[in-house]
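Asker: Work from the hints to combine the two standalone chains into their complex.
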Amino acid sequence: MTPKPETLRSFQEILLRLSTYWAGKGCAMLQPYDLEVGAGTFHPATTLRALGSRPWAAAYVQPSRRPTDGRYGENPNRLQHYYQYQVIIKPSPPDLQELYLGSLRAIGIDMDLHDIRFVEDDWESPTLGAWGLGWEVWCDGMEVSQFTYFQQVGGHDCRPVSGELTYGLERLAMYVLGVDHVMDMPFNAPDAPIPLTYGDVFRQTEQEYSRWNFDVADTDMLLKHFEDAEAEAARILSAPADDPKTGKRIVMAHPAYDQCIKASHLFNLLDARGVISVTERQAYIGRVRALARACADAFVTTPAGGA
Amino acid sequence: MPDLLIELLSEEIPARMQARAKADLKARVTDGLVEAGLTYASAGAFATPRRLALSIEGLLAASPSTSEERKGPKVGAPEKAIEGFVRGAGVTRDQLEVRDDKKGQVYFARIDKPGRPAEVIVAEVLEQVIRTFPWPKSMRWGDGDLRWVRPLHSILCVLSDDSGATVVPMSVDGITAGAVTRGHRFMAPDAFSVTGLEDYATKLKRAHVMLSSEERADHIWNDATNQAFALGLEVVEDRALLEEVAGLVEWPVVLMGEIGAEFLSLPPEVLQTSMREHQKFFSVRDPKRAQIVRFVTVANRETADDGATILAGNNKVLSARLSDARFFWENDLRIATSDLGQWVRALDNVTFHNKLGSQGERVNRIAALAREIAPLVGADADLAEQAARFAKADLSSEMVYEFPELQGLMGRYYIEAAGFPAEVAAAAQEHYSPLGPSDSVPTAPVSVAVALADKIDTLTGFWAIDEKPTGSKDPFALRRAAIGSFRLVAENEVRLGLSKIIASYLQKNMGGETVAVALDTFGDLNLSEIALADDTISDAISSRQSSALLSNSLSSLMQIADAERLSLGQIKSRINAQLYRIRVDLLAFLHDRLKVYLRDQDIPHDVIDACLAMPGNDDLTLLVKRARALAAFLKTDNGANLLQGFKRANNILSQAEAKDGVEYSYGADVKFAEDETERTLFAALDEADKTIRPAMEAEDFGAAMAAMAELRRPIDDFFEAVQINAESQVLRRNRLNLLSRIRTTCLQVADLTRLEG
Numbered sequence: 001m002t003p004k005p006e007t008l009r010s011f012q013e014i015l016l017r018l019s020t021y022w023a024g025k026g027c028a029m030l031q032p033y034d035l036e037v038g039a040g041t042f043h044p045a046t047t048l049r050a051l052g053s054r055p056w057a058a059a060y061v062q063p064s065r066r067p068t069d070g071r072y073g074e075n076p077n078r079l080q081h082y083y084q085y086q087v088i089i090k091p092s093p094p095d096l097q098e099l100y101l102g103s104l105r106a107i108g109i110d111m112d113l114h115d116i117r118f119v120e121d122d123w124e125s126p127t128l129g130a131w132g133l134g135w136e137v138w139c140d141g142m143e144v145s146q147f148t149y150f151q152q153v154g155g156h157d158c159r160p161v162s163g164e165l166t167y168g169l170e171r172l173a174m175y176v177l178g179v180d181h182v183m184d185m186p187f188n189a190p191d192a193p194i195p196l197t198y199g200d201v202f203r204q205t206e207q208e209y210s211r212w213n214f215d216v217a218d219t220d221m222l223l224k225h226f227e228d229a230e231a232e233a234a235r236i237l238s239a240p241a242d243d244p245k246t247g248k249r250i251v252m253a254h255p256a257y258d259q260c261i262k263a264s265h266l267f268n269l270l271d272a273r274g275v276i277s278v279t280e281r282q283a284y285i286g287r288v289r290a291l292a293r294a295c296a297d298a299f300v301t302t303p304a305g306g307a
Numbered sequence: 001m002p003d004l005l006i007e008l009l010s011e012e013i014p015a016r017m018q019a020r021a022k023a024d025l026k027a028r029v030t031d032g033l034v035e036a037g038l039t040y041a042s043a044g045a046f047a048t049p050r051r052l053a054l055s056i057e058g059l060l061a062a063s064p065s066t067s068e069e070r071k072g073p074k075v076g077a078p079e080k081a082i083e084g085f086v087r088g089a090g091v092t093r094d095q096l097e098v099r100d101d102k103k104g105q106v107y108f109a110r111i112d113k114p115g116r117p118a119e120v121i122v123a124e125v126l127e128q129v130i131r132t133f134p135w136p137k138s139m140r141w142g143d144g145d146l147r148w149v150r151p152l153h154s155i156l157c158v159l160s161d162d163s164g165a166t167v168v169p170m171s172v173d174g175i176t177a178g179a180v181t182r183g184h185r186f187m188a189p190d191a192f193s194v195t196g197l198e199d200y201a202t203k204l205k206r207a208h209v210m211l212s213s214e215e216r217a218d219h220i221w222n223d224a225t226n227q228a229f230a231l232g233l234e235v236v237e238d239r240a241l242l243e244e245v246a247g248l249v250e251w252p253v254v255l256m257g258e259i260g261a262e263f264l265s266l267p268p269e270v271l272q273t274s275m276r277e278h279q280k281f282f283s284v285r286d287p288k289r290a291q292i293v294r295f296v297t298v299a300n301r302e303t304a305d306d307g308a309t310i311l312a313g314n315n316k317v318l319s320a321r322l323s324d325a326r327f328f329w330e331n332d333l334r335i336a337t338s339d340l341g342q343w344v345r346a347l348d349n350v351t352f353h354n355k356l357g358s359q360g361e362r363v364n365r366i367a368a369l370a371r372e373i374a375p376l377v378g379a380d381a382d383l384a385e386q387a388a389r390f391a392k393a394d395l396s397s398e399m400v401y402e403f404p405e406l407q408g409l410m411g412r413y414y415i416e417a418a419g420f421p422a423e424v425a426a427a428a429q430e431h432y433s434p435l436g437p438s439d440s441v442p443t444a445p446v447s448v449a450v451a452l453a454d455k456i457d458t459l460t461g462f463w464a465i466d467e468k469p470t471g472s473k474d475p476f477a478l479r480r481a482a483i484g485s486f487r488l489v490a491e492n493e494v495r496l497g498l499s500k501i502i503a504s505y506l507q508k509n510m511g512g513e514t515v516a517v518a519l520d521t522f523g524d525l526n527l528s529e530i531a532l533a534d535d536t537i538s539d540a541i542s543s544r545q546s547s548a549l550l551s552n553s554l555s556s557l558m559q560i561a562d563a564e565r566l567s568l569g570q571i572k573s574r575i576n577a578q579l580y581r582i583r584v585d586l587l588a589f590l591h592d593r594l595k596v597y598l599r600d601q602d603i604p605h606d607v608i609d610a611c612l613a614m615p616g617n618d619d620l621t622l623l624v625k626r627a628r629a630l631a632a633f634l635k636t637d638n639g640a641n642l643l644q645g646f647k648r649a650n651n652i653l654s655q656a657e658a659k660d661g662v663e664y665s666y667g668a669d670v671k672f673a674e675d676e677t678e679r680t681l682f683a684a685l686d687e688a689d690k691t692i693r694p695a696m697e698a699e700d701f702g703a704a705m706a707a708m709a710e711l712r713r714p715i716d717d718f719f720e721a722v723q724i725n726a727e728s729q730v731l732r733r734n735r736l737n738l739l740s741r742i743r744t745t746c747l748q749v750a751d752l753t754r755l756e757g
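For the record, the sequence lines run as chains A and B.
Note that our numbering has the first sequence beginning at 1, numbered continuously upward.
Note that our numbering has the second sequence beginning at 1, numbered continuously upward.
Pulled out of the complex, with its shape left as it was, chain B reads as follows (with noise of 0.2 Å):
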């Protein structure tokens, strides 16, 4: 069984792009051959920054011959049909056999597919790979039509067994395939053939090539650790550099160097952020000083001075950036502390949105929001005002242009600079969390009120502007924002209605009030006139009144007034209306993103609508602790059992009250039960209904699941012993009263008609 060696060398391919490709030579040439009947037993890919390569050991010499018999025309069948199936099955006239068959006689094809060497199909196969190669970018070069993410420069492709290694005849666009690659580009750039992956291997590495990235990364690992461990130091892991590094490195060298003593200073964040970024170097920390001292470089060659010279330009391209942060951050530094407030008024400048504002008008909305909500969260209102009034200042710093990473961590150093409460300066770094699912959530309740009129303002304006996230589309994050907020709310058990809160937000932002008063400012204007001048009235009051969202709804204004003439009043009500209808349509979205919440959370589909059915459940945290407890009830034996005993109540009683075009829903009386179950049921209603009350206003689900467990054994019980739909009427009303019971007390909990099985 042959072994085959691919190595596909070309120009610097990007270090991102290595490990994808790499999976997807390996996916699509032994798809292709195994298509193609060649089955092998094991295989490998590799790539450097100039090559990518697959090993493919044990694959057959040839694919298996295949036979196939095929059944055609009737003997005597037109002789277009007879020709049409000996050129389809391609064989000759004469090859065909005549059988009998049900209906009479019966040509019959044999067809024989010789199998076809390895050669043949490998030289198919990675011709079809190569012109067809996933790269996220690729390019032409030259006078050439081949795409690859560089220039291809060569192809190496091998088939090797006991008998010796063969080169596999193929060529692509100019580019033939043989046994020959080459070194490191400077160390070693001669070159040379190989036989198979081993030597392919052994021959690279003498040619200062290691061909495997994880041997690269762990050699920059383990010799940048080994180095600074040797100085008491450790290196700041980063898997993401590492990994990056190792795609842009054939030969690893690592080489550390010092960081000047007056950048020292600098947050090291920033400094930590400015090696990676511009320079991707290490970060490496002295656990005394709990400071980042040093740098590690790789490089990728050895040098007869040892690095020297390739440190050393290393280390004076690094004191050239790390002057600029340096001069950043004292610039900044110089602004924080003499008037932060330049910075807050320099974000009415800057666009967030043209339907939005300016950034300045996205603060002015989030700070009213984060005053409003303060009280709920536990947080003091003129704090939570101050922190979001301040939260996106440092957006002006000169060092977040720089570093656009470091925004909200830089706000907090600035903030902290310019001697406001601690509270304010972490809410600036934090009011952005939780950015995904498993970044960590805000508990400060400051940080925690700006976080969520952060998130409350993007859902709430991008909805009023009809920018709602389609399909797989979602260009401002939305779905993001609703889970950071259910998370701000749920983990921290904050109590607050969020329909009210929006609705209050679309009210103060572009109410019919708001903007009757903006009208109002003009004076007695005619409806009419003020749609002919539409475009100068909204670019007045929106400069006025310093509201881009004003003026949306002044626009939308315009286009009724001018349609149908109304009266203020009637526009202010129509402009009423339709934020209502936005309200109503966000919280659909926020209950469906909801549920994908809870849902990741094992929460059924189906309990969560039981609960989304009562009232309060814009009260998320009310909302998830109800939902938590039933969820954690109906997996309970009593639980389950209870759910059919009430589906089965409710039925018979929904039926019954079809039938009689009454509702049966009070009156039931013990002194009419007959049987004893149906007494002991009175008795266990009565019962959890003094439980489950109390422990309803008090929130506490579990002790009214429970409470509402007891009952399911004299329901059981009841349905046992008693024919519902008795002769007597009297005895009959009682008990469908009695099952209206049954269904009022249950229903208290949550809405288990929307409980499926």
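Isolated chain A, as found in the complex (with noise of 0.2 Å):
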């Protein structure tokens, strides 16, 4: 059933009808992670589901924040808070693709109409020492999703291979909704007794975030706090696999994998603040790249990540 294209007014119907959507194909609905991440991937659902042998089916949406994309809530398409729909399904079924599709339809897409066209765009993430093979979706000229066949995370080959999809939601919402400005999308109904757009919730703090981000932020403390993260994964991965206290092996994969999200993200809002030249940004990568791997080490000894 594909559902007429006037019937989706808001951003979050659109969010729901994906949610529904991928919960009748079977995955299991997550919620957002409590940390800030700069994308979807950055999930431990996804970058340490993804190691190991055991299938896994999971949909969440992910607020990620990209600091130097802060633009004060001005421009139409970029913002450094926004929200990203992530699927991942592992093994990657054969019809993945129509699966996808079928998400299309759901969300008031007409492909009787519309011109959907999966373009080459491999993906690399160099702080979580992680790539794929897959493409970018467009539909009619835009970009609406990003498809990617995980080969490799935190150094470890994908063995069984896990299909990723992952949706710009803002974009994609202004584009079924036909809205130019990203804070004149109507967040719920718009005849809703008290109707909110984006930019009811979000256009203050972009400003205030655009602001702290690329002014403010005490860069000495970040660093810092980048250090003091970086040296709690080390210890939280050196402890001994076999806990004392319950006399249980509890490797500790995702307490140190927090730690390594807080690092990638400090490193971005020092990236923000201007602070890193072009050579130590290479440096500071290879370190979160570093803690990843050690991350995706310890998960692969563990239950979840098939041992």
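Please keep in mind that the hints were generated in silico from the structure rather than gathered at the bench.
These figures come from a predicted structure and were not determined experimentally.
Ideal placement from N, C-alpha and C gives every residue a C-beta, glycine not left out.
Honestly, I wouldn't trust all of these hints.
[Unchecked claim] Residues of chain A clear of chain B, computed beta-carbon distances all greater than 12 Å:
hint, residue
1, SER19
2, PRO55
3, ASP271
4, THR301
[To be verified] So the derived label-pair ranges between C-beta atoms look like this:
hint, chain 1, residue 1, chain 2, residue 2, range
5, B, ALA191, A, PRO126, 53 to 63 Å
6, B, ARG70, A, GLY155, 48 to 58 Å
7, B, ALA312, A, GLU98, 24 to 34 Å
8, B, ALA191, A, ALA28, 32 to 42 Å
9, B, ASP162, A, GLY155, 50 to 60 Å
10, B, ASP94, A, GLY306, 53 to 63 Å
11, A, MET221, B, HIS591, 31 to 41 Å
Answerer: Shown next, in the form of structure tokens:
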């Protein structure tokens, strides 16, 4: 059943439709991860669960932060805080492309009128030591999703391979709703008792964070936090696997990975403050990657990692 | 004779890989078949975004049977040897034949290999090809192990002849071959079966798939140009984009849209680049206004609204993109017109290479060099320096950050807008050229000065920090920089001594004197203390002098000082000796590249050697002129013969000199001449010298060589008539001295001893 486009009137409806669709396809509906991340991929439900042999299927919204993209809420398309919708299925099913196209139909994109294209775009995350092959999906010339078959994460080969779909929700919704400026987009139904636009919810925060990200964040403190996170990750992973209190084997892959996520976001903030030189950049990325690898190494020794 | 049809249907294959994949499929399958004994009449390969296909016509129905005879051990040989032979030949003991041979009775085996049916061979070959296909990048999917460019969904493999079509039984990692394929992903997704190429192509077309990439490209181009023509417009040709777009669609539908009036003030290159890079749109130009006014996008389907929705969507995306571009352009212009220097200063904070410092340092070095080179290329020194300082300013602009391929060109726009002289603006665009052998070479003197300075800085800088090209690795494109500088010099007939320029560059940037000055600012330091404080001091100096090159020079100095406790004077001379080695090494590399460059212009390597051996060999224009003249001269009859005469004279002379232990270089006198040919040769040499000397001074190598050619006959006649090693010592010495005159005269032009043949 293809819903009629005109029945879609708000940002949240699109989000709900996607969730309903993927829930119907058997994905576990997870919630956003409770740490600042740059993209939905950082959620351990993707990064860590893509590793090991255990099957997995999950979908979730992930608020994502890219401090350098802040435009004080003025740019029609750019935000330092935005939403990604993420789907991950392992092993990737043979009809993943058809499943994906079904999700576009579910949010009212009529395949008989629109031009959908799979354009080569290989994905690589130097900070996660991860890469995969796939496409950016174009709808009438606009990139609406990223479609990737994971080949490696944290330096480990993915066996089996996960299929990962990432939708940039604001952009997709603006397209479907025919809105030109993100801040004008209805967040809830326009005829709700208290109608809210995206701007009502986020304009002020975009301003506040843009100022803080670019000019105010204490770089010495950020740098110290980065180093603390790095040290804590190493300390967590160096703890013996056998827990003396419970007598059980408990490898703390997730707590260590939290520190990796924090280090990655702190690096992004330092980058936005413009205090990282070109040469240092590579070194920082290398340090985060080392953390991601260490966490992946630890995860694959745990039950969820297929050990 | 059956025909074979293969199709590998997958998820979308990257456009850039399709042409190569098509060729690889054809080559690998046909090679495999032929190797197994299956020859064929013709083959053709096809690629669309979702499929690779191969059609082979006139294939043998089976490989021919073969028969081979193999000679074995003698009768009565050890049992083990006979058993081994039987096993190796794949026959049974009683199939062996006994025949008489020179050495007695010997076993022979006859090995008959029956032919195998085509379907067996095809199945083997195709499986092997799929498993080892040379994709530039491949992947696994699901829980399988097979690798393909994207998930492989089905294999169609059909042999057909007059009696009908049969599926070749085979399967690869659970994908079993059939006679079935599918049409367009959206317009005709249902499966259908096919019997052969014609049936396949016809049914595909009905299912909205154009099988041939050439047909798709032609269709796009014709439709786009027709639509443009109807409006009095023209599509900007872009072969690479056309090929790419033809690889993105199975059913191309050309749609033309308008560019919003608010974007028409953008430079055409910006419109074109933004549309091509982000949207894969063609640009459509209005020849009357010399402006890009429309775009062409290619959709992958027909729709009930004739593409209206698709076009509207594309228009919207384009507007967002161009809004960005306009934002960059307007912001950049504001900065360029108020303070262009701000961009130049920003380059101080951008690393070029950690051992060569920032882009800012690099620009300083290039500016100093451009100033030095300017008078040699007929440019105003102040203008050249100014042009060099602004040449890389646009690297700080937002537009170039977004579209790196517009570097230089944007610089030109911005520098013009800032009101600087046109030569300065042009140099920003042209100083990167020539980038390749077919790229055009700048001719405007200021551009030439900056372009040369840029390339010499790159070459010398990377040489000084020991980052030379090795084998196939040339990460900093130094070979390209070398050829670029040759072309700049040779095609503009610039006269300059590269060696001198390189020497002064090295001295200025990292020479002993400069280091000494830098050290002096620290007062009377004990050198071993300096060595201990290595990092601190070179950091301090590099920040003070703002020169990474100098700090490199310093750190090698620290090592010397530490090891040997040298005086400042000794250190200076050590450093200068090191710089000398760098320069000699770099010149040797340049001469090497020069040989490659000139060889490509049909100048043989020995001719280049003969010219390189002459003084002034770092003056490229002179060198090329000399080499061209010599190569042309040697192609003439006189030239080739004169060379023989010269060689003969030189050989006799060298032997005599070696034997007698003296050098016959002076004192040939016509009054001792006995033979008429001898006298003629004297006269001819006098005559030739009269012309050659002034011609050489005027660097008129053609005239000099023409005069030299006049010697051919007298030299030949002389050797014909006269015995050099005469009885009379006076006569012999005079004749050897005469040979020496031939040598001296000829060697003025080039070192002919280095010529072969």
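Asker: Please write out, lowest number first, the hints stated earlier that are contradicted by the structure.
Answerer: Of the numbered hints given earlier, those the structure breaks are 2, 5 and 11, listed in rising order.
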